[in-house]
Structure formats: C-alpha cells, structure tokens
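The chain contents come next:
2 protein chains.
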Amino acid sequence: MASHLIDELCVETESKIVFLILDGLGGLQMGEHPVTELEAANTPNMDKLVAGNTCGALIPVEPGVTPGSGPGHFGLFGYDPVDANIGRGVLSAAGLEFELTERDVAARVNLATLDADGNIKDRRAGRIATEENERICEKLRKHIHLSDGVEFFLKTEKEHRALFVLRGDGLGGDLEDTDPQQVGVPTLDPKGADAASEKTAKYVRDFLQQARKVLSDEPQANFLMLRGFAKHRRYKTLNERFKLKTYAIANYPMYRGISRLVGMEIAPVSQNLSTQIDELERTWDKYTFFFMHVKTTDATGEDGNYAGKVKAIEDVDALVPRILARKPDVLVITGDHSTPSAMRSHSWHPIPILLAAKNVRRDRVMAFNENNCLQGGLGIFQSQHLMNYALAHAGKLIKFGA
Amino acid sequence: MASHLIDELCVETESKIVFLILDGLGGLQMGEHPVTELEAANTPNMDKLVAGNTCGALIPVEPGVTPGSGPGHFGLFGYDPVDANIGRGVLSAAGLEFELTERDVAARVNLATLDADGNIKDRRAGRIATEENERICEKLRKHIHLSDGVEFFLKTEKEHRALFVLRGDGLGGDLEDTDPQQVGVPTLDPKGADAASEKTAKYVRDFLQQARKVLSDEPQANFLMLRGFAKHRRYKTLNERFKLKTYAIANYPMYRGISRLVGMEIAPVSQNLSTQIDELERTWDKYTFFFMHVKTTDATGEDGNYAGKVKAIEDVDALVPRILARKPDVLVITGDHSTPSAMRSHSWHPIPILLAAKNVRRDRVMAFNENNCLQGGLGIFQSQHLMNYALAHAGKLIKFGA
Chain A
0 MASHLIDELC
10 VETESKIVFL
20 ILDGLGGLQM
30 GEHPVTELEA
40 ANTPNMDKLV
50 AGNTCGALIP
60 VEPGVTPGSG
70 PGHFGLFGYD
80 PVDANIGRGV
90 LSAAGLEFEL
100 TERDVAARVN
110 LATLDADGNI
120 KDRRAGRIAT
130 EENERICEKL
140 RKHIHLSDGV
150 EFFLKTEKEH
160 RALFVLRGDG
170 LGGDLEDTDP
180 QQVGVPTLDP
190 KGADAASEKT
200 AKYVRDFLQQ
210 ARKVLSDEPQ
220 ANFLMLRGFA
230 KHRRYKTLNE
240 RFKLKTYAIA
250 NYPMYRGISR
260 LVGMEIAPVS
270 QNLSTQIDEL
280 ERTWDKYTFF
290 FMHVKTTDAT
300 GEDGNYAGKV
310 KAIEDVDALV
320 PRILARKPDV
330 LVITGDHSTP
340 SAMRSHSWHP
350 IPILLAAKNV
360 RRDRVMAFNE
370 NNCLQGGLGI
380 FQSQHLMNYA
390 LAHAGKLIKF
400 GA
Chain B
0 MASHLIDELC
10 VETESKIVFL
20 ILDGLGGLQM
30 GEHPVTELEA
40 ANTPNMDKLV
50 AGNTCGALIP
60 VEPGVTPGSG
70 PGHFGLFGYD
80 PVDANIGRGV
90 LSAAGLEFEL
100 TERDVAARVN
110 LATLDADGNI
120 KDRRAGRIAT
130 EENERICEKL
140 RKHIHLSDGV
150 EFFLKTEKEH
160 RALFVLRGDG
170 LGGDLEDTDP
180 QQVGVPTLDP
190 KGADAASEKT
200 AKYVRDFLQQ
210 ARKVLSDEPQ
220 ANFLMLRGFA
230 KHRRYKTLNE
240 RFKLKTYAIA
250 NYPMYRGISR
260 LVGMEIAPVS
270 QNLSTQIDEL
280 ERTWDKYTFF
290 FMHVKTTDAT
300 GEDGNYAGKV
310 KAIEDVDALV
320 PRILARKPDV
330 LVITGDHSTP
340 SAMRSHSWHP
350 IPILLAAKNV
360 RRDRVMAFNE
370 NNCLQGGLGI
380 FQSQHLMNYA
390 LAHAGKLIKF
400 GA
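Chains A and B supply the protein sequences, listed in that same order. Numbering follows numbering that gives the first Met the number 0, with no gaps: position 379 of the first sequence is 378. Numbering follows numbering that gives the first Met the number 0, with no gaps: position 144 of the second sequence is 143.
Honestly, I wouldn't trust all of these hints.
[As the list claims (entries may be wrong)] Below, in silico cross-link-like pairs of lysine-lysine (DSS-like), each with a Cα-Cα straight-line distance of 30 angstroms or less: (1) Lys-398(B) to Lys-154(A); (2) Lys-242(B) to Lys-190(A); (3) Lys-201(B) to Lys-138(B).
[Claimed, not checked] Derived contacts from chain B toward chain A, CB cut-off under 7 angstroms, selection only: (4) Leu-4; (5) Asp-6; (6) Arg-360; (7) Arg-361; (8) Arg-363; (9) Ala-366; (10) Gly-378; (11) His-384; (12) Asn-387; (13) Tyr-388; (14) Lys-398; (15) Phe-399; (16) Ala-401.
It should be emphasised that the hints constitute simulated quantities derived from the structure, not laboratory data. Backbone N, C-alpha and C define an ideal beta-carbon position, used for all residues, glycine too.
Please work from the sequences and hints to get the whole structure.
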C-alpha cells in the first residue's frame, strides 16, 4: 500500500472528530423536481453550520467512476480506494462479521441447481429460503473433509448466498470464479493464477467434488458456485495510521465490516440515528474518532423515492444539534457516493461535504447542497484526501518540513 | 503505459458519444476587447445547451503547460498526454498517413544547404518548392541502397520538410538529432543512446554518407538533417480500451493521423463543418463515438485574428442544432488547448467544456465561456479525465467494487 505523507505527521491528541456519513447523499434533479433532493430538503441546522464553516465536493474514486460501498468508504477513511479495493469474498466476510486470518481465502457462494446432465439450470437454486440455505451449509460442513489439515468454513448469508472460507498455509487468493454467469453450461473448474493460488484451487476442487456427492439428493440446491475469491488482507488501521481511537456507530453489516477492516471498534447494532447518537453520547469520552453511518438516504435513492430521500435528509438534519451539543472539534457531514433517486443507483456525481471546526477559513456558501458546495473553500477533491482536512482541523497534524 | 481503472469498467453499449472539438477554443481578452473571443461570440445554441447541462474547464496536460496538437488530443481521448507523447517523426508519419510497422523508426527531414566547407549555410535549403523536394526525394530513393535488408522510405511533406523512415529488425529509436539548430557548423553525426539505437545510427550514418554524394551536385538542397527520431509505438486503441466503435471526422492530416494512432476509422476529407455533419448523419448508425474536429478556431487564433475567431465560433454554434437533432447520448463541446488571438499561439490556459447528457447534474452556468465554465459542476480538471465523464454519462461504465 502506498505510504501517505499525513501518516508521518500525525500526533495523538484528545480532540474529537465526528464523521456523519449520509450514505448516497448526492442527488440529481428529477423529472418535475428542478432541484436535487438535498436542495429540496429543509435543512436549517446544516445550513446554519455551513454558513459559519467551509464546504466542498468529493469525488469518491476518480472522475466518472461510480463506487460500491467498499471503495466509497475506504476513500472517506483516507485510503486510496483503488489500492485498498478487495474481493467480494473478503467484503462478504467482513459484512458477516467473520474474522478472517492471514491463512484465509474467502469467496462468495451461490447455491445453484444443476440439471441431470450437470449443466446449470438455476444460478440461484430457485432463491431458496434462508433456512434451507442453513440446512445445506450444515450438511456440507458435516460431510466434507479436506486433507493436509486445510479447513473450510461456510456461513449462510441470505437466500441462495453464503460465504466460503478456506484456511490453510500458503494459500493464494488469485482464482477465477467457478460461476460461468450463464445457464445451460457446466460450472467452471477452479483455476489459480499462480502456484499459491493453484494450491488453493486444488483444495477447492476437492471441496466441490465432495459437495457434488453430498448434495446429489437435493431437489433445489444440488451444487454451489464460488466467485470473488480474495485472500485476507491486513490493512494498516486508522489507529495505527492516524493515532486515533476509533468507534463505528453503524448498523448495516457491510459498513460494520469495512469499519472492522480498518481497525475500528464497533458499537452494538442500534435502532436508528437517534439511538446511534445516544451511543455517541454514552461513549464520547472514550474515543477520538466517531464514524456515524446513516443508511436511509441511500435506500430511498435506490428506490427512486425522491420525496423519501428528502425526508431522510430532513430527519438527519433535525438530529444534528444533538451532535453539536457534544462540541466535536471537527464535524464532517458528507456521503460515500451519490445515489440520485433519478437513477435508482449509486452514481459518479460529486458529493457535497461540510466541514465544521474551529480553524476553518469560512467561505461564502450559505446553504448545504450540491451546487452551493461547488463554490466552497475546499473545492472539488478526492475523498481520500478528506481525512487530511479532518486531522488538520482537529490539530492532529504537525508541520511538514522545516 | 499506465493501466487505467476505467478501462476495466467499460461495457459495450449502443449509446452514442460525440466530441465536437474546436481546436484552440480557449482565448484571452485582447487590447480593446475586454472579453475573450468566446465571450464576445453570439452563441445562442451552445448557451442554451449549457443552461440545461453541466460544464467545467480542462487543463490539457498540467498547470501551465502549453500542449502541441498531439498531447492536446491524446488527453481528450483519455490517454495520459505525457506518457502517450511521441516523437515528431511518428507524428509526421501519422499526419502523412504513412502506416508505420513495429520494425520502423521515423524522423523528420529538413533539406539543407551546406557551404563548400561542409558547414550549414541554410537550414531550410532556401525553403525550396515542394516539387523540388519531391524530385530530391526521388533521387535519393533511386541511388541509395542500405545493407542487411534494411529499407528506408522518404516522403515529401512540404517545402523543405519530409519524412524519413528506416525499417529493419531490432532498430532502436532513441537517437539524437543530426540538426545542430544553427548555421556555420557541420551537421551532427547520428548517435544512439543504447545498443538498438546505435544499430539504427549505423544505417542512418550509411544513408547520410550516400546522400551527401548523391546530392553533391545540387545547388540548394545538397544535404539533409534528421530530427525527432522515434520508434513506432502501438497504442491500445479506443476500441480496445473503451469498447467503442470510433469514427474521426477530421480534415487535417495531423488530426487524422492521431485518430488513426488510437484506432479510429477515418472519414474521407470533407469540405467544412457542414459537410462533416453530413458525414456524421450518414454514418450515425454505424459508430458509438464520433470525433468532429474544427480547425478554423485555432487557425484564426494563430493569425491573431480576434474577429475571425469570434466568427469561427459563431459559425460552429449555428451548426450545433444539426448535431443535437441526431440525439447523441453525450455531446461534449470543448477544445484541445487554448489559442488566444492575443498570443498568436497555443497556450496553457484552461479550455471551457460543455457536457450535455441525460444524467448530468445541472449546474448554474447559463452561457458558454471561459469564466462562466469555471463555476461549472465539473470543476477544473485534466483533459485525460474527460473520457471518464463521457463514458459515465453514456452509461458505459459499471460500478467499481462491491
């Protein structure tokens, strides 16, 4: 991983940084709506905060690139999102709170239905019930045994999806998917791109051969496919890099997983943003960096629910005073990417960002939204540099050079 | 060449991108003109387009760097213009539509006049007529023979300029110019920087010795000088990188040449922008990326002809509706660099850019010019990232990471 200048400039202080991340915050004009969701929302608290502070616009990865949640958050946390990108297998493991070790290779499982000739008939095994998935995983765990002390783990996700982890010495993670992404053809044989990955492929092959027999009497999920192979990777943590005591107050598995990958402690699952703020208040003295994650802004955007997204933003705005009451040294309000209701998906559009702190240079922006933030004092910049500003404004960076 | 993230995210679709490139578009205020050429021009069609879309400003290479046409266009096409830069020899070959092979090294020729002592008297051989140049090249082709099966090609450009190509196995392209760039001294001996280029130098030396004899009876062009040696280089094409079907509708050899280097099909030479648009209409169904090149904006700027450049811009504006009538999914209007009439040359100043597409985030810019575009939603960015935005807005990029 690239070494970062700011890592060398960090000093430990008791100043506190809060990242309030509204997932998918950025939006677009949509049909009869001549303004974006954030422009439409009534956000008196955030507007007041903008008026006395500074703002800008974040490019999550690079111009035009739409990120998944992984790259979106790695950027916010100060990592190069391309360099830090990980396979789906590892992200799934993180999402399931499965603690990977250095000896592990992870992949995503799709339970599938093969026809009598061994060709794929249904790539999702009729989207079988999660309970059925659990029964199948249990059956495989019970009947499959690998050689040479290599272990495997299977953990149900949901419906036809599960996590597969292979644990052993010297296993590489560069394997092609066994899922051919089409029906009417057989699944693919696992293939490794190098000697260590070929070693992994050998055990995966053995696993699959046994699985085929074990599942042969199943009517629906009579086989499985593996994709997104990835070796566990240890990230230098936020605590190591920036001398922070970090706490993630996030409710969804994916964001809890990513937070764990970068070394945060994780709050218990909470009901909503209000109870998340309860948790913030309760743990305020213990940490110096809080990651608060709000999912509703993304979920409503993904649903194409413009009004719902406006409401979700307004709900967050109403709670901002409770965060301010803790007097954080730095409060950042932004998103990991845009999720315009008009597109019903993540997008590449820059994300407005608000930074409130003692030593900001106040700019001329008076309300928090996409177009205003373009004129802000931070300009347009890549998410991976956000942590620089947060640390600087929190007084945690010493001078560079004499 | 650096690998690019977007290359891995591209999917082939039928959506259509049009790049309307006004060469040298950016300008400056000049003398009694308090505004730039683009600000002075009456451009109702482009202004209307800006009002419903987004814009920004392009830095062609890096801040303060004035590009030639090569780097200017490589940037627009999504290549790192520094990394993609090529010797004049190869650019000349491209401009002359000379198809270089992997075994070729190209250089530019200046025919020159030596005095009785063998010192340079005129570096341009009195700017001899193009027909004379053709006669000289024919004479050299007829009388010079190289050893070991190495071939050479000479192709007249104009006046004292020509193209020299050496073709053989294992020839390197890193040679110093033989043109000392001054008179009263002898030409320089060809020198290679490495073994492969020294091999090239050996044949070049042989060529030059024979040429000296062959031309000894010439009154004007009694010798020649070589510069800008460069080995042929194969570029990964736009079609390979971005899964586009590309078509260049450009009339000048240089731009046709660059387009060919990046794998575009090339339209027949056309009379003017109106006939170029005829060609666009004729071929609309066949391609997914169109490069339309307008030279008049640069030519008038180079002439210091402020009023002429204003007129050239207005002429283009009048034809924009015909392009819009084809309903491109993405229309980009910009330039490869600035050519301010006030400077009579290319310059480093950012170039205004307009991007019209379905999923743009509309910004607040209401008229197309240099200063307004600074406030646009795309911000100020390097030309090499323009293709990211074009592909994203055309729906040709998948999400990065999970």
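Status of the hints after comparison with the structure:
1. Distance check on the hinted pair: Lys-398(B) and Lys-154(A) sit about 26 angstroms apart at the alpha-carbon level, within 30 angstroms; holds.
2. With a C-alpha separation of about 27 angstroms, the suggested pairing of Lys-242(B) with Lys-190(A) holds against the 30 angstroms cut-off.
3. As the CA atoms of Lys-201(B) and Lys-138(B) are separated by approximately 22 angstroms, the hinted pair is consistent with the 30 angstroms bound.
4. Taking 7 angstroms as the C-beta cut-off, the interface hint given for Leu-4(B) holds, the closest approach to chain A being about 6 angstroms.
5. At a threshold of 7 angstroms, the smallest CB-CB gap from Asp-6(B) to chain A is about 12 angstroms, leaving the interface hint violated.
6. Here the hint on Arg-360(B) is kept, as its CB sits about 5 angstroms from the closest CB of chain A, short of 7 angstroms.
7. Interface restraint check for Arg-361(B): the shortest CB-CB distance to chain A comes to about 6 angstroms, inside 7 angstroms, so the restraint holds.
8. Interface restraint check for Arg-363(B): the shortest CB-CB distance to chain A comes to about 6 angstroms, inside 7 angstroms, so the restraint holds.
9. The restraint placing Ala-366(B) at the interface with chain A is violated, with a minimum CB-CB distance near 16 angstroms, outside the 7 angstroms limit.
10. This hint holds: Gly-378(B) has a C-beta 4 angstroms from the nearest C-beta of chain A, less than the 7 angstroms allowed.
11. For His-384(B), the interface hint holds, since its Cβ comes within 7 angstroms of a Cβ in chain A; the closest pair sits about 4 angstroms apart.
12. For Asn-387(B), the interface hint holds, since its Cβ comes within 7 angstroms of a Cβ in chain A; the closest pair sits about 3 angstroms apart.
13. Below 7 angstroms, beta-carbon pairs count as interface contacts, and Tyr-388(B) has one with chain A at about 5 angstroms; its hint therefore holds.
14. With its C-beta approaching chain A no nearer than about 5 angstroms, Lys-398(B) sits inside the 7 angstroms limit, and its interface hint holds.
15. Interface restraint check for Phe-399(B): the shortest CB-CB distance to chain A comes to about 5 angstroms, inside 7 angstroms, so the restraint holds.
16. Contact between Ala-401(B) and chain A, as hinted, is supported at the beta carbon level, the nearest pair being about 5 angstroms apart and thus within 7 angstroms.
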